[in-house]
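*Asks:* The primary structure of each chain is shown beneath.
There are 2 protein chains.
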Amino acid sequence: MHEKEIIRKFFAPLANNKESYGLKNDAALINQNIVVSTDMMVEDYHFKKNDDPEKLAQKLIRINLSDLAAMGSKPYGYVLNIAIPHSELAWIKRFSDGLKKDSKKFKLKLFGGDLSKSKKIFLSLTIFGKKKGKVHSENKAEVASDIFVTGNIGDAAIGYNLLYNHKKINCSKSLKSYFTKKFLLPEPRIKFGQDLLGKVDFCTDVSDGLYEELLCVSENSNLQAVIFLDSIPFSIEAKEILKKNNKTKMLNIMLGGGEDYELLFSSSKRFNNSLKINKDYIKIGYFDKGNGVKFVDSNHENIPINIKSFSHF
Amino acid sequence: MHEKEIIRKFFAPLANNKESYGLKNDAALINQNIVVSTDMMVEDYHFKKNDDPEKLAQKLIRINLSDLAAMGSKPYGYVLNIAIPHSELAWIKRFSDGLKKDSKKFKLKLFGGDLSKSKKIFLSLTIFGKKKGKVHSENKAEVASDIFVTGNIGDAAIGYNLLYNHKKINCSKSLKSYFTKKFLLPEPRIKFGQDLLGKVDFCTDVSDGLYEELLCVSENSNLQAVIFLDSIPFSIEAKEILKKNNKTKMLNIMLGGGEDYELLFSSSKRFNNSLKINKDYIKIGYFDKGNGVKFVDSNHENIPINIKSFSHF
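For the record, the sequence lines run as chains A and B. With the numbering used here applied, the first sequence corresponds to residues 1 to 313, in that order. With the numbering used here applied, the second sequence corresponds to residues 1 to 313, in that order.
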């Protein structure tokens, strides 16, 4: 059973309230003014014991911040749960250094938490944002709306695979450090999320991979996402990797893998003029009648490519 | 390094904000109206794989609710993180049944969450309450205030030790089921916490054991908690166990062990009249000048007993 099915079957029935948006949004809106999201990182699945604890703390904060960005809300604070072997004092110290750095950078307050013993490290953070007038409340698009992303897709997934050797990728040492940094230290698009309030159909972060996020929105909207494969922004570095490796395999990693934390949104024609002047918003396709995700070339010809979504569960 | 020291050294500096109460309270108060607390349960440390998932879900909700009770706030909702092996679908189903039961009982809404793979089960819940006019904001007492608890102390800690055989206790089978139930299904004192608003110096739940909680408040207040050992309410069942086992060992379990989830509070004389009419508030001592916790008999004579606090870290 896939993560989404489990949530739909066992947890959505408990979330029959307006705050949760049916568990289909990036975050909840409680008390009409506080945005809440939660995310965890588990040793051996999201990171390895030897990874730098300072960076892990920053990543934990940033993946949660990305959900606030996708809601267009302003960072406020967080609570934190850490389960860890008792001996790991140096780890905790360095982890708290990372928290300090990003708490300052993103103006976040620590509100509380819990510390427990465990054999493997388990990190859980719940983040709070303040509503700025409105929020991006539903991941639902309109027909004929254009689809945009805020930056390069796939770098983080390449970094993940290089770091943990999940899929063998042919890559030089200098490029490897570029990709792993993209994976370890994502940049939450807080300002973009706020700027887009009131201008878009929906806004979400690409945390589960571009393909999976498009699939979700298509399902929620009963529409088909038509994507110009050549319009998806890839970094110069990713393009180099694409040349040196099997293209289908690499596209699967880059479009199916997650952790990019760019924003994905769609906008109907009436808003496009104000969006077009911003070079940070890259148009990659549009919504049409139908369902699922279709990749096409610039002549709107179907490109047969089978992407498999990556899941942490 | 003890849990409290780690929090003081590495996390309190990040929590230099009014919302967190310096991490010394049962919960935070964010946006001036939402009470937030978070707690986790880790396989092998807080529970065993074979424990009934339905009861674990209820316990996870209730230990968090107890923090809302200690703040005097009204239950609102929660977000939930679960890390679990992929094969445990039946476990998840039964766990969600428990969530459903107690969400209904305590009028709690599920707002969101995250599901991840892991070898061992990790559960993390962040709970939200609404402020009812005011909250129990600081765990600080006044000199000469009387100390009260809302119910029996020690049953849950006996249950914990019986269930997981941490400390050998001589106990009949029928009594064992009484104690394990007390451990597995605590009753959060939500109504008491609300009733006490404005009438007490402080209010906290006895989640870390009576001794440890008294020690914390004494430290925060620069006072000594003087406790009449014979006034501490023990259940008939616990008294029977006390008779059949080494008394010092049992008192260490009952006063040093946690998970009772009764409320502990103190009240200055001016409020005592309104409290005395409530038979649910049991007076166990008072605060005096000095520091630490002192156990005395009814003649105020010192009872030399060395209690060691239990810690999950």
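Just so you know, the hints here were simulated from the structure itself, not pulled from any lab data. Accuracy of the hints is not assured; some may be wrong.
In this list, chains with the same sequence are indistinguishable; a pair is considered to hold if it fits within one copy or across any two.
To be verified - Using 30 Å as the maximum straight-line C-alpha spacing, the simulated DSSO-like pairs for lysine-lysine come out as follows:
| id | residue 1 | residue 2 |
| --- | --- | --- |
| 1 | K4 | K107 |
| 2 | K18 | K117 |
| 3 | K191 | K104 |
| 4 | K140 | K167 |
| 5 | K134 | K109 |
| 6 | K55 | K117 |
*Asks:* Does each hint hold? Answer for all of them.
*Replies:* Against the structure, the hints:
Proximity of K4 to K107 under the C-alpha cut-off of 30 Å is restricted to the inter-copy arrangement: shortest distance 25 Å between copies versus 33 Å within a copy. In this assembly of identical chains, K18 and K117 lie within 30 Å of each other by CA distance solely across copies; the values are 28 Å between and 36 Å within a copy. Only within a single protomer do K191 and K104 lie at most 30 Å apart by alpha-carbon distance; the minimum there is 17 Å, versus 39 Å between protomers. For a Cα distance limit of 30 Å, the shortest separation of K140 from K167 qualifies neither inside one copy, at 33 Å, nor across copies, at 56 Å.
For the homomeric pair K134 and K109, the shortest alpha-carbon distances inside one copy (22 Å) and between copies (22 Å) are both at most 30 Å. In this homomeric assembly, K55 and K117 come within 30 Å of each other (Cα to Cα) both inside a single copy, at 22 Å, and across copies, at 21 Å.
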